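Enquirer: These are the residues of each chain, in order.
2 protein chains.
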Amino acid sequence: MQSSILNLFFEPRSVALIGATSNPGFGHGIPLFWQKNGWLDRAYLVNPKGGEIQGKKVIPSISGLPEGIDLAVVIVPSPAVREVLIDLGKKGIRAVIIESAGFAETGPEGKERQEELAELAKGMGIRLIGPNCVGVVNTGNRFATIEIMDPSMEPGSVAIMAQSGVFGNILLDHLPTAGLKISKVATLGNKIDLDEADFLDYFAADPGTRVILIYMEGTNDGPRFLQALRRTCRIKPVVILKSGRTPYGREATLSHTASLSGEDRVFDAAFRQAGAIRAMNLQEMVEIARVLIAQPPMRGRNIGILTTSGSLGAMTADIVYQEGMRLPPWQPDTIEKIKARAPGWMNVKNPLDIGPSGIFRPACEAVFADPNPDGFILIPVIPYAAIEIYMRLGVKARDMLGDWPAYRETIKDKPVVAIHLGYREWIEQIKNLCGEAVATVSSPEAAVRALSALYQFNLHSEKTQP
Amino acid sequence: MQSSILNLFFEPRSVALIGATSNPGFGHGIPLFWQKNGWLDRAYLVNPKGGEIQGKKVIPSISGLPEGIDLAVVIVPSPAVREVLIDLGKKGIRAVIIESAGFAETGPEGKERQEELAELAKGMGIRLIGPNCVGVVNTGNRFATIEIMDPSMEPGSVAIMAQSGVFGNILLDHLPTAGLKISKVATLGNKIDLDEADFLDYFAADPGTRVILIYMEGTNDGPRFLQALRRTCRIKPVVILKSGRTPYGREATLSHTASLSGEDRVFDAAFRQAGAIRAMNLQEMVEIARVLIAQPPMRGRNIGILTTSGSLGAMTADIVYQEGMRLPPWQPDTIEKIKARAPGWMNVKNPLDIGPSGIFRPACEAVFADPNPDGFILIPVIPYAAIEIYMRLGVKARDMLGDWPAYRETIKDKPVVAIHLGYREWIEQIKNLCGEAVATVSSPEAAVRALSALYQFNLHSEKTQP
Numbered sequence: 029m030q031s032s033i034l035n036l037f038f039e040p041r042s043v044a045l046i047g048a049t050s051n052p053g054f055g056h057g058i059p060l061f062w063q064k065n066g067w068l069d070r071a072y073l074v075n076p077k078g079g080e081i082q083g084k085k086v087i088p089s090i091s092g093l094p095e096g097i098d099l100a101v102v103i104v105p106s107p108a109v110r111e112v113l114i115d116l117g118k119k120g121i122r123a124v125i126i127e128s129a130g131f132a133e134t135g136p137e138g139k140e141r142q143e144e145l146a147e148l149a150k151g152m153g154i155r156l157i158g159p160n161c162v163g164v165v166n167t168g169n170r171f172a173t174i175e176i177m178d179p180s181m182e183p184g185s186v187a188i189m190a191q192s193g194v195f196g197n198i199l200l201d202h203l204p205t206a207g208l209k210i211s212k213v214a215t216l217g218n219k220i221d222l223d224e225a226d227f228l229d230y231f232a233a234d235p236g237t238r239v240i241l242i243y244m245e246g247t248n249d250g251p252r253f254l255q256a257l258r259r260t261c262r263i264k265p266v267v268i269l270k271s272g273r274t275p276y277g278r279e280a281t282l283s284h285t286a287s288l289s290g291e292d293r294v295f296d297a298a299f300r301q302a303g304a305i306r307a308m309n310l311q312e313m314v315e316i317a318r319v320l321i322a323q324p325p326m327r328g329r330n331i332g333i334l335t336t337s338g339s340l341g342a343m344t345a346d347i348v349y350q351e352g353m354r355l356p357p358w359q360p361d362t363i364e365k366i367k368a369r370a371p372g373w374m375n376v377k378n379p380l381d382i383g384p385s386g387i388f389r390p391a392c393e394a395v396f397a398d399p400n401p402d403g404f405i406l407i408p409v410i411p412y413a414a415i416e417i418y419m420r421l422g423v424k425a426r427d428m429l430g431d432w433p434a435y436r437e438t439i440k441d442k443p444v445v446a447i448h449l450g451y452r453e454w455i456e457q458i459k460n461l462c463g464e465a466v467a468t469v470s471s472p473e474a475a476v477r478a479l480s481a482l483y484q485f486n487l488h489s490e491k492t493q494p
Numbered sequence: 029m030q031s032s033i034l035n036l037f038f039e040p041r042s043v044a045l046i047g048a049t050s051n052p053g054f055g056h057g058i059p060l061f062w063q064k065n066g067w068l069d070r071a072y073l074v075n076p077k078g079g080e081i082q083g084k085k086v087i088p089s090i091s092g093l094p095e096g097i098d099l100a101v102v103i104v105p106s107p108a109v110r111e112v113l114i115d116l117g118k119k120g121i122r123a124v125i126i127e128s129a130g131f132a133e134t135g136p137e138g139k140e141r142q143e144e145l146a147e148l149a150k151g152m153g154i155r156l157i158g159p160n161c162v163g164v165v166n167t168g169n170r171f172a173t174i175e176i177m178d179p180s181m182e183p184g185s186v187a188i189m190a191q192s193g194v195f196g197n198i199l200l201d202h203l204p205t206a207g208l209k210i211s212k213v214a215t216l217g218n219k220i221d222l223d224e225a226d227f228l229d230y231f232a233a234d235p236g237t238r239v240i241l242i243y244m245e246g247t248n249d250g251p252r253f254l255q256a257l258r259r260t261c262r263i264k265p266v267v268i269l270k271s272g273r274t275p276y277g278r279e280a281t282l283s284h285t286a287s288l289s290g291e292d293r294v295f296d297a298a299f300r301q302a303g304a305i306r307a308m309n310l311q312e313m314v315e316i317a318r319v320l321i322a323q324p325p326m327r328g329r330n331i332g333i334l335t336t337s338g339s340l341g342a343m344t345a346d347i348v349y350q351e352g353m354r355l356p357p358w359q360p361d362t363i364e365k366i367k368a369r370a371p372g373w374m375n376v377k378n379p380l381d382i383g384p385s386g387i388f389r390p391a392c393e394a395v396f397a398d399p400n401p402d403g404f405i406l407i408p409v410i411p412y413a414a415i416e417i418y419m420r421l422g423v424k425a426r427d428m429l430g431d432w433p434a435y436r437e438t439i440k441d442k443p444v445v446a447i448h449l450g451y452r453e454w455i456e457q458i459k460n461l462c463g464e465a466v467a468t469v470s471s472p473e474a475a476v477r478a479l480s481a482l483y484q485f486n487l488h489s490e491k492t493q494p
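The listed protein sequences correspond, in order, to chains A and B. Going left to right, the first sequence walks through residues 29 to 494 as this note's numbering numbers them. Going left to right, the second sequence walks through residues 29 to 494 as this note's numbering numbers them.
It is worth saying that the hints were derived from the structure and are not from the lab. Any given hint could turn out to be false.
Because identical chains cannot be distinguished in the list, a pair is counted as satisfied if it fits within a single copy or across any two copies.
What the hints assert, rightly or not - Once the Cα atoms are required to be at most 20 Å apart in a straight line, the calculated EDC-like pairs of lysine to aspartate or glutamate come out as: (1) K209 to E393; (2) K139 to D431; (3) K264 to E437; (4) K209 to E464; (5) K264 to D229; (6) K424 to D441; (7) K139 to E453; (8) K77 to E464; (9) K85 to E182; (10) K209 to D292; (11) K367 to D441; (12) K64 to E137; (13) K84 to D249; (14) K209 to D69; (15) K367 to E291; (16) K440 to E137.
Computed from a predicted structure; not experimentally measured.
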């Protein structure tokens, strides 16, 4: 694939900004961001007005640029883009991001302008991202073609592809709160050239990326996308959030990124066959991604549940069923071990609801030792008032629930997810107890869907094994 | 209905705790809670061992209690409950909460014990909550039969009914973070006497309650419950979260509260016919409740959407369709007003995606003035890096997006919901801007489902109008 070309977008040796300005907006913000992140030295700012921006001389025309620039970022108004592209082609620039809006998403006239651009780029051998996007982010080298807040630039291992620029940006703003760190981001916009298929292959090969998230509204070339998706899902988990699932959504995506979002059932089946994980909403996508990064694949459908709340156990059991996963029975000796410690009222089933019995520790050790489950969900909710006094005395969740990271060492190849819910201080305790060993999520849905995702990934990645 | 009897549970003049103790656990925690909240003076603590708890003399037997006690709370082990109930009956106590577990949820033996209790209570004219529950909470008078953290005791207008004690408690721990304040709580457990129907009628008549939330696993008397639900939904919105939707969930609820949770489709249809709102998960229940408290009913299905993100607009449009709500077109003069302010690339549709145009203010005024929508969703997401500098200079979201509470005054009878997403500081800005005038939620799902709930409530409450 075009990985060498895509390297020009994420790791340019030099970059030109066409439409830099000292007025508020992208043309001002991007040079500022480059300055903060050590990229202004490798940047060229272009504006017919000339002058200086961030102490850097502005070049009045593209023809005035030096030769050999790797990447150009275009933010001029849409009617001016055509001329800019021609000039960039003449300069021999091979990688261009067009952030400007005002193309197919606005109607027939814009569509014509867009088609003209596509032909032009093809003729000149230019590879293009956009138009109607905000380009790329690479946290590893702190390069981005859009302003990003500092917390979102902390390097991680999740790559994101978003059709929409604003949404990609909002997602980046949101992720630090959600505890997710990014490797690379590509926002694709109207996709007149490079599309999801190109970036799937690139992210699949990217050593810094472990999980790939896609927000998409539609695809221009379904078969090509699905082929790339199938290839990628064998190597790394791919989670997809797709709009345009209904007539209302389809009309909205049409005027947003000119996407033909197609029949939803067709996409749904195709995603599943390819081995991709479909998220139903943003929160779910983020929580599933957090688990996928931190936990091993799941070898089978069997989930063991240990809970202190029968209600949350029942809610989780419902979702296990809906997701096509299974609740295996415990082995006889597991049941014996638990019954030896349990009060008379306790039903030793799966979900194992230990209620207020206080036997979480031995129960956790016992179920972890059971070979039947392929993965576990822990639901350690406790009414805080009942334990506040101990917490004040310095007792920790670990003292009450056991040393999960240590127990977990005995089942390294099985994923373990904990649901945190309740009083603020208790949630902090649970997160501390889990550390890196056990993934935490905020709902039964996220817990089950994440394990299901780990199972699906295992299923499809195994296919490549001999 | 039995409102006089239920008053004994929520506003007892005196209360006895059978099973008080100085050892850790409920028997210790409840007297401590009563002391903190001014109820110990009206309480009698019973334990055969006698002695003192929280400086209060313990009475060794129920026969030693004074006459005329309104309510007894029983927390002795299950085998001892029968004798306790007989003694309470002899004392003429008419309202009893049995918190002890170890009845029908544990198997045939427990079931027999439970049936015996039910008969006993009936014979002695005792009304019962439980067994296998944690009783009641009344934030108005700070009475509760379980320990609750202080933040959860702040009085509000949401009443909660939860079958499970632990879950009711966890929910209470969780709600302050979610911004929801409670009027009363009833946890029902195995429901050998008082059940959802009784509390529905009680909460429907309760002047301090505006919205009712139910977590249920099953019902013993479907027709009676549905009649009460129908009555209540005409007066106040009722949101229901139900487990036991699948075979796995049904088995779990059986061993949790001995509930026969029944065919889910039957419940679903019955809830809808009665006018109740079904939440699919906990977070949704809480967010819908927050909107229901704060916003007026919605007169029709038509939703107007104003967004700065086309993607979030499309996601929201999908959910509008799925929920059976509608996206009406804007009136011609609304379109004219917006086009007069909009850049050329903007599509003036519903959802109205204004992208980075910066025309939120006039767009908001224009769509609010449009008579077509019956309610509005605002999606004011903005990449924070682009505006950080203004925020640092003291610019507020209100300066950028307009004075929503003022605009809102012009459409007082229509609900308005805003979705907050993105950088932490921006979310705070949006919450401040909304104040009490506009409800905030964290996702497109919650926004649409909340408006749908306001529409459903209006539909069913109107039926009682002449």
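Enquirer: For the identical chains here, do K64 and E137 meet the 20 Å Cα criterion within one copy, between copies, both, or neither?
Expert: neither (39 Å within a copy, 72 Å between copies)
Enquirer: One pair to classify: K85 and E182, alpha carbons no more than 20 Å apart. Within, between, both, or neither?
Expert: neither (30 Å within a copy, 60 Å between copies)
Enquirer: Classify it for me, K139 with D431: is the Cα-Cα distance of at most 20 Å met within a copy, between copies, both or neither?
Expert: neither (60 Å within a copy, 37 Å between copies)
Enquirer: Give the relationship of K367 and E291 under a CA distance limit of 20 Å: within one copy only, between copies only, both, or neither.
Expert: neither (52 Å within a copy, 32 Å between copies)
Enquirer: One pair to classify: K77 and E464, alpha carbons no more than 20 Å apart. Within, between, both, or neither?
Expert: Close neither inside one copy (53 Å) nor across copies (48 Å); limit 20 Å.
Enquirer: Have a look at K440 and E137 and pick one of within, between, both or neither, based on CA distance no larger than 20 Å.
Expert: neither (58 Å within a copy, 41 Å between copies)
Enquirer: First find the shortest C-alpha distance between K84 and D249 inside one copy, then the shortest across copies, and answer within, between, both or neither for a cut-off of 20 Å.
Expert: neither (42 Å within a copy, 78 Å between copies)
Enquirer: My question is about K209 and E464: at a cut-off of 20 Å on alpha-carbon distance, are they close within one copy, between copies, both, or neither?
Expert: Within. Shortest intra-copy distance 14 Å satisfies the 20 Å Cα cut-off; inter-copy 34 Å does not.
Enquirer: Given a CA cutoff of 20 Å, do K424 and D441 count as a within-copy pair, a between-copy pair, both, or neither?
Expert: Result: close neither inside a copy nor across copies, 27 Å intra and 50 Å inter.
Enquirer: If the cutoff is 20 Å on CA atoms, where do K367 and D441 land: within, between, both or neither? Let me know, please.
Expert: neither (27 Å within a copy, 59 Å between copies)
Enquirer: When no copy is named, should K209 and D69 be tagged within, between, both, or neither for a Cα gap of at most 20 Å?
Expert: neither (27 Å within a copy, 55 Å between copies)
Enquirer: Quick one: K264 to D229, C-alpha cut-off 20 Å, is that within a copy, between copies, both, or neither?
Expert: Answer is within: at 11 Å inside a copy they meet the 20 Å cutoff, but 54 Å across does not.
Hint compliance for this structure: hints 1, 2, 3, 6, 7, 8, 9, 10, 11, 12, 13, 14, 15, 16 are not met, and every other hint is.
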